[in-house]
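K.L.:
The listed protein sequences derive, respectively, from chains A and B. Residue numbering for the first sequence follows this note's numbering, beginning at 1 and increasing consecutively. Residue numbering for the second sequence follows this note's numbering, beginning at 315 and increasing consecutively.
Treat the hints with care, as some may be off.
[Claimed, not checked] From the derived model, a few chain A residues whose C-beta atoms are all more than 12 angstroms from chain B: (1) 55; (2) 180; (3) 182; (4) 284.
[Unchecked claim] Cross-link-like lysine to aspartate or glutamate pairs, in silico, EDC-like; alpha carbons within 16 angstroms at most: (5) A:16 / A:60; (6) B:560 / A:77; (7) A:16 / B:561.
FYI, nobody ran anything at the bench for these hints, they're computed from the structure. For glycine and all other residues, C-beta sits at the position ideal for the given N, C-alpha and C.
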Amino acid sequence: MSIAIRADRLRKVYPKSPPGSPAALEDLTLEVPTGGVYGLIGRNGAGKTTFVRIASTQLEPTGGQLSVLGYDVRRDDREIRTRIACVPQESRPLYFLNVEEVVYLYLKLRGLDRTEARRRTKEALDELSLTEYRRRSVQRLSGGLRRRTLCAMVLASDAEVLFLDEPTTGLDPIARRQVWEAIRRTIREHRTIVLTTHYLDEAEALSTRLALVERGRLVLEGTPADLRARVRYPYRVTLEGSFPRSELEPFGRVSEIEGGVMVFTREPEAREIARRALARGTRLSMGPVSLEDIFLEVVGRSLSDEAPAEEAEA
Amino acid sequence: MSERNRLRSLFTLVLLNGVIPIRTQPLYLLNLLASPLSFLFFITIVSHGTYLAFGVTGGMILTMLSVGTSLQSDLTHYRHDLKFQDVVVASPVEAPVYVAGMALSELVYSLPALAVFLLIFTLEGFVSLESVAVLTGVLVLVWGFASALAFTLATYFQDVRETFLFSPLISLLLTVLPPVYYPLRALPAWAQLAAHFSPTTYAAELVQGAVGLAPISSGAAAIDWLVLVAFTAGLFLLAGLKARWKEP
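The shape of chain A in the complex, shown without the other chains:
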């Protein structure tokens, strides 16, 4: 497996952060394989954007090592920049351009010739269903279409590694899926995408590997299946109607939900719960936990670890 991005004990402390405040990244070590989508998930302020900004050569690291396609971000930033493209978080296209110009001029700016830039622009606009808006000024686009235009811009590029920092924020479900399709096509070209998102269904649907970052540290990393295997309760059973809680608690973690109860458990226990539920005539559904469940469990555990320490400090 070749590695596109390698971070080794990466650390970032912002120069103007108050003394004693935690580092934005703390000894972050991870490897992003070449040719796939690497999903970065975590709470707001977890360090995802800081990582993307360092890897895309916009921000200096404070410590540790980070290389992109074998080039060091400190020494070889020029080499890296010729091979990457980025949609920064909260970025907006220049408002006086039209949709086609945003994509075409970006490609020209990267040094592509007119013919190639035109061809790639047309393909990207078609793929993201932007062709009908191609002459429309960015000023007259909805927020979602502006985001989609930015995605078209970098996906149309010749970059080997693409950084998409919350690219689908504000998009409707259909538009999000169009972006997903464009991303899938991009990775078929053996390009690498680093994706940060708050939509866990998106991370799960697209990512070949995932990293869960919490307070600047890597908490979990692997394929979606790896992540499921590493959590305490990789299965979820949802039971409709009432069911004695005391009977379920020995099998795992029980949560009350609207119109029923949900049990997070292991596979054999899930089968046993299902057997008992069917014997009682209770309707149920069963399956592996979602990424959201994993996120809530891991981050929730981290927050509950933090609480006693904070109480002690207080």
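Following the hints, complete the assembly by docking chain B onto the known chain A.
P.N.:
Same frame as chain A, but now just chain B:
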């Protein structure tokens, strides 16, 4: 990046920040014309036409300085509000190409003002080989140091509103107080001394001297050129040291 690609990026920036916004909003063309023309009008009326020529040469210098203040606002806006600079940093475009492209793109906005002033300049009978050469050299240097100053200041601004605060101050310090619209001798002695801290004083002296408004000796002209070049080089050095392409 090859030289050819660098040039392609440079002209794309000129198109992107200079030509296309004007197509969208042609009133941008009047933007850089308004202030110098207002000064010209005011100074001509007040002096009963005596200082018309000073108004013309001063207007061209002010136009070039305004290119710098506009650049400062655009850079700040692109960096903080649109994150366009971040998009460019994470691309093959190198910092000097971005700097040059953005500075050149602002020149497009100055074309109507320069055309109007050059027309009056010609009608006033100031055109000669020497005056055109001096004027061209001075305007290039003023554009250079105004752009370098814009890049340095834009690094420190966190919001485009801060540029609105500084732009009038820069205009005041570089074009109203120094003798850009009038001869140096019109100032009291102490103010003449203070005016020499401004690079525009040297620019104005050279142009006014070349067109015969306030003749200067060749020795004084040489010193003026030296100071103006040194000042421009110093501001470029400062921009190189302070302007941030990559955040710390």
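K.L.:
The structure should be examined with respect to each hint, and the outcome stated for every one.
P.N.:
Tested hints:
| no. | hint | verdict |
| --- | --- | --- |
| 1 | 55 | 9 angstroms, violated |
| 2 | 180 | 22 angstroms, holds |
| 3 | 182 | 18 angstroms, holds |
| 4 | 284 | 48 angstroms, holds |
| 5 | A:16 / A:60 | 14 angstroms, holds |
| 6 | B:560 / A:77 | 10 angstroms, holds |
| 7 | A:16 / B:561 | 12 angstroms, holds |
Hint compliance for this structure: hint 1 is the single one not met.
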